[in-house]
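Respectively, the protein sequence lines represent chains C and H.
Sequential numbering of the first sequence, starting at -2, is according to our numbering.
Sequential numbering of the second sequence, starting at -2, is according to our numbering.
It is worth saying that the hints were derived from the structure and are not from the lab.
Where hints are given, some of them may not hold.
Where chains are identical, the list cannot tell them apart; a pair therefore holds if satisfied intra-copy or between any two copies.
[Said to hold, decoys possible] For lysine-lysine, the following DSS-like pairs were computed, each having C-alpha atoms within a straight-line distance of at most 25 angstroms: (1) Lys96 / Lys292; (2) Lys239 / Lys283; (3) Lys295 / Lys239; (4) Lys225 / Lys214.
There are 2 protein chains.
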Amino acid sequence: MAIRNSMANLLIGIDVGGTNIKIGCFDTRLKLLKKTSITTDANTGPQAVVKKMLTAIDDLVRESSFTLSDISAAGIGTPGPADYKAGIIINSTNMPAFKNVPIRQMLSGGLHCPVVFDNDANVACFGEFVAGAGKGVTDMVFFTLGTGIGAGIVSEGKLLRGISGNAAELGHTIIYPDGRLCNCGQKGCVEAYASASNTAKRATEAVEAGEKSSLKKVLDKNGQITSKDVYDHLKTGDKLAKKITDETAKALAILCINTLHATEPQRIVFAGGMIAAGDILLNRIKDYFNQQIWKLKKETIEICFATLGEDAGIIGAAALAKNQ
Amino acid sequence: MAIRNSMANLLIGIDVGGTNIKIGCFDTRLKLLKKTSITTDANTGPQAVVKKMLTAIDDLVRESSFTLSDISAAGIGTPGPADYKAGIIINSTNMPAFKNVPIRQMLSGGLHCPVVFDNDANVACFGEFVAGAGKGVTDMVFFTLGTGIGAGIVSEGKLLRGISGNAAELGHTIIYPDGRLCNCGQKGCVEAYASASNTAKRATEAVEAGEKSSLKKVLDKNGQITSKDVYDHLKTGDKLAKKITDETAKALAILCINTLHATEPQRIVFAGGMIAAGDILLNRIKDYFNQQIWKLKKETIEICFATLGEDAGIIGAAALAKNQ
């Protein structure tokens, strides 16, 4: 049983996704005491979701032999854009029932403690920065390759937030003007090419358009191609899988170059499901980076993979709560 | 005659260009007391150039009825990239005789005061931020359209510097992969399309390739087309001038969008010779911005022109010296 102080100064980290909400309970040194995951069920509306969150937090601290009054601060990350400065989810693509929801106030009212509210990718970025792949640097940029491409920027040890907390939406960097339509409404975003979903989608489109590939059997059998399929077939020598991977790696390399010229980090960290592809992807990104980068000065930036996996978000949210 | 204190706390701002070095002498409230301009003559080498600079500063403070000992701090901006953190010009494209020059130390040794060393565009950016088009905001991005495209980023009132002071090289954002070759060695940089020089160059190339345009007469007569010629002929209805301007405006609009998604400033400020084109250019940039920007949230960013003209650099350098 944990040793009880009169006030334990627990930190709560919450990572809201379209499907699940992860919650972690940490001590003041950011040691994870206990974590849980609940379904988001965003369609039940903000009141119900927040209530469920509060119940889950209550259970979590009780299971660690504490009570809600032992919580000193909480952090929450949600998909952007939102008015993070004002603490309001304005209009979430993943959670259409959430419109003008004062999420920070609702949570801090329920928990009776200060709450930090930030973009889900910023929160995961900060987690990797304090406890994962960002160790030992002061300036890093983070990309998470999933349905979309989330990003975070740490400059001189602090998250770069911008005027309403929507800085670092780097997945929406336009690199192919008038190119593929992105979910955001822009054309030619990196995300429209190189997210896990769009890597898979480009492969599907190519197979459907008649390009020869061992991926055709996957499409016929499963009705879809995933980014994992692309990398699996790359490893067995499929030419289309190589072409699709090259396009993804090139788009990500150009994103790295543009990012380097924007905030000049020491390290760029990739996270998300797609990094399971491993070195075969990472090395292609580095190859394109070296091929496309300027010649004015030698760059020593490190490009690597994240190390915390799915816990990055809850750790980062708790770390932001601690730092506020 | 100026009122003399025992120590006047003067600030010196120095703006080094390939052709001229501008120097300003400011009081502690950043009021310009006197300014001067000397030729750079970079080929005479760093020792000679620094000596000439020191003599010019000595003259400048004397003419304001002060002496070198009245200087409390100085700031200097030079074209990048350099190791701004270490205070060293490593390898300057405009000044090939300057290799591994410890410019900050040389100046602070000569002036017996602390010296701040930064990128020329950062310095001009900071000048506009404190005394020009950036008034009233905390987060701004600055672009100067000349031979190249210089840039500066202010985040929460401070210049974003990156790990060796080479952040905000946003002119080298790649927006057309495998596109036009940039002086930096990359392909498809915004600079390769939308700097003043490259706007003029694209017009020249088009005329030489046989495109019909009233600019042909200019090329035949002057042996070259300038960006000013392009905007002059745009105003008189030349179709090629319109096409060239549209391409420039579109590249700059995409740069604005990518910048918004990187650091989310309140205001983007354009400076440099090319803004003489006036509203005809600014409005095209805004049109393309509104056409190409995402639909996820309404953006209220302001895009405008700089107001300080050529003094931005010396004001910014002095302001950085004051703030250090």
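Violations among the numbered hints: Violated hint (a single one): 3; every other hint is consistent with the structure.
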